[in-house]
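Here's the letter readout for the chains.
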Amino acid sequence: MLSVLIPIVLTVNGEKYELSIGPTETLADTLREKLGLTGTKIMCNEGECGACTVLMDGKPVLSCLLLAVECEGKDILTIEGLAAPATGELHPIQKTFVERSGMQCGVCTPGMILTAKALLEENINPTEDEVREALAGNLCRCGNYKRITECVLAAAEMMQGGK
Amino acid sequence: MSQEFSIVGKRLPRADAIEKVKGEAKFTSDMQLPQMMHAKFLRSPHAHARITRIDTSKAEALSGVKCVLTHKNVPKVHPVPQVPGGKFEYLLDETVHCVGEEVAAVAAVAKEIAEEALKLIEVEYEVLPAVFDKEEAMKPDAPLVYPELGSNLYQSPRTIDGMLPLDWGDVEKGFAEADYILEGTYESPLQHHVSPEPRSVVCQWIGDKLTCWASTQIPQKLRLELSVCLDIPLSSVRVISTYSVGGYGAKDPEKTATLTALLAKRTGRPVRAVFTRAEDFIGTHRRIDSKIHARLGVKRDGAITALYTKMITNFGKGSQVANFVPACSAVDTCSMLYRYQNSKFEGYHVITNIQDHGAMNGFGDPEAGFCIERLIDEAAEKIGTDPVEFRLKNCMRYGDKGMELDCVAFGPIKWGIVGPDVDSFQECIQRVAEKARWKEKWKGWKTPVEVRGAKRRGIGVAIGMHHCVAATQDSATVKMNQDGTADVFSSDPDIGQGLRTAMAQVVAEVLGLRYEDVNVILADTSVTPYGPGVFGSRGTSLGINAAYLAAQDAKLKLFQIAAPRLEVEPEALEAKDGKVYVKRDRGRGIPIAELCSVSPQVTGNAVVPYPWRDERTGKEIAPVSVAATIAEVEVDTETGELDVLRITSAHDCGRAINPQIIENQIDLSVIMANGWVRSEEFVIDKNLGVMLNPNLLDYKLMTILDMPKREDMQEIIVEFPTPWGPFGAKGMSETATTTQAPALANAIYNATGVRIRGDHLTPDRVLEALGKTT
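If you read the protein sequences in the order shown, they are chains E and Y.
The opening residue of the first sequence carries number 4 in this note's numbering; numbering runs sequentially from there.
The opening residue of the second sequence carries number 62 in this note's numbering; numbering runs sequentially from there.
Bear in mind the hints are in silico, worked out from the structure with no lab data behind them.
Take these hints with a grain of salt, some might be off.
[What the hints assert, rightly or not] One-sided and incomplete, this derived list gives chain Y residues near chain E with beta-carbon spacing under 7 Å:
#1 Val82
#2 Ala86
#3 Gly545
#4 Asn725
#5 Lys747
#6 Val751
#7 Pro755
Where a beta carbon is used, it is the ideal one built from N, C-alpha and C, also for glycine.
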């Protein structure tokens, strides 16, 4: 087994981390096992379900398919970093997921919310079809797709309302 | 109806929503403990083999490996000692009976090292003959999975020569009275739960006491298994399942937990076991696949006279649920769905060299329902009746001649007579037909809703049922805190179904507290009072019922403290808005917080007085929840592709404690059942018994794009309060699974004029039915 460790610098949720990473370690493992940020969930660990989605420089990526060493210098946002840092106020997508029961078991939830955030950053007024297209790579075994769609559309409305 | 309530019936946020949207909820696989090690399992590549040599010395020599377990150094115990179906194999066995069965377990300081160690274990096998198909396994010359049993037919005290019988009325007479006899052979597919969190367990010993964090639906059963397998008292085993993620029947980690506990014991360090997705596919249990031959007698006027069903199911190499799955098919769908007048059921549960079967959403009723509801459709067509009308006429009603099974009891589960619950069929069917605009869309038999070139639209209906109590009692405790808030204790986990939320709503309602003042502590076996767990849609009917009664008990104690201070009898009091009031003089009251600060010892306890008895007959009752679904589809007759345009489902939940969560649960079962027949194919190699697609790319779950848009997924909540449930509520979650598949098949028939009686409704099967296969 390779035991070489590679030093990298990673910004996660606004905080800079200097880490020594094995060459085969995935970003998901680094976040979960090294940094204890277990809000990033592992459902398939092979890029098929979207549960491990985090935002890298604002774009959704599958953290189980990325090697941590590839993320040198990148800015990562996980679900733990989404609420307002100072006040703890939930992001509008988190708020609508709470209010409208956007989750059941909760495994797909962080990936869904972050994927939706990336969508709304690009398109503040998406149609239902655009929301469905954006979430097509995120599996929800609890079948909450209808509610999730509603939550994202309601969040878009809330964000446009300047709230 | 729900206006009389303050909290019950409200669309309140889930009690665990905030921790789930912030990523703060720690699931079992998220847990880390100081010095924690990682477990990995070596699995058999053969479907049936005897281990002739196993050498772990190289694995043990690998730096970082702390313990290796094989059949040579673990206790010779059955992993599920209390269930007849669990007594075939040993914890680690010298003979393996399916691909994926555990051969060895390793604990190492890193999961990569544990994985490496698996490769260093040398195993030699003597490969034995194996059989995978249920019908092949029934043949007289088939290889025996367990030669010591002398047969591949599952036997129990309830079977006769390997056949599970149910026979009421006189089917021969019934068929003789029929004008038409409809007959067919139908299949339903194997399905895997694909729980979002794969099998996960963490074990830690402190002194001689074990703590096991497990994603499980049945923590008290797991506690018992650990106690028996490890030969320690129950008081030394603590199972904690704060979040048991995505159950659907999957979460019962028995053997994994015992092996992980042994690894932790031998190394003196905590150990975490988390399956990979591929391991979860082959190393856990799954839904049965079934083949049903059914015969239905009907009269010209549309009355059913008899049903005969012969059901063959694939048991696999073992099961924790004995033969309860086909038993449920027999007593629910094949006895209580329609006014059959006479019913005879013969069930063959066939042991094969594939992985265990177990509980999965619907537990026998989706399988039987997929058969019966396709056959019923054929009967309605034969009579020339609208299929909705046929169902309204024939669905079961309270007081009908039905199964009165005083004489037949399936192990510990006693089934009683048909109770008043079935009367909600009428409302479910009528409301679903109205909402789906059935009358407008149904153009008659052999007439599609619309034809546009090769694309044909059709509409189909199905009804279904499932029991909503898996028998046995449940208990709960409500502890008042000094500030007037309350803690509720129950051994039934929240698996995403919303039990924590609904329990808080019910307790808050009873005690007159705010929803946010009730804290629910679930599934910690050293803390929470005995309760069997969540399965068989029992959480609401029994678990929340116990909390409801415990809250009543606590309220009574509060009244007894308040009564002398208010100078009235306790009966004259009520609790509302955080106060105990005099009913007739609302100006006189004491805040509950004040009562609790002077008397901080108030605790309510309750045991649900199950079983319940029917008012009319005094006989034990079998509570059920019922449902009706209408599906509208478009079939591309050139490609076989199925576009599901609209799904409307009506479900009786007795009383919707939280309508939002009921809708969540309907959607769950609707989509899971769509996946079951539309996309999820569990492919087993016919010669080797190996699963060929253990990943989410090839085992396809429904995506958001496979399901209709918001407006076209309609959930209808029917409230037909049950006399036994908390505020009339009962379990409903699994029933939704029973109606989807046949509604789709019947809609395909309406669209195309071809009946699919096989197990999947995938494009290849549609083309095959259309006679278009090359």
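Right, here's what the structure says about each hint:
1. Val82: 4 Å, holds
2. Ala86: Hint holds; Ala86(Y) Cβ to chain E Cβ min 6 Å, cut 7 Å.
3. Gly545: 25 Å, violated
4. Asn725: Result: holds, 5 Å to nearest chain E Cβ.
5. Lys747: 26 Å, violated
6. Val751: With a closest approach of 18 Å, the Val751(Y) hint is violated.
7. Pro755: Not OK, violated: Pro755(Y) not within 7 Å of chain E, min 10 Å.
Consistency note: the structure conflicts with the earlier hints numbered 3, 5, 6, 7.
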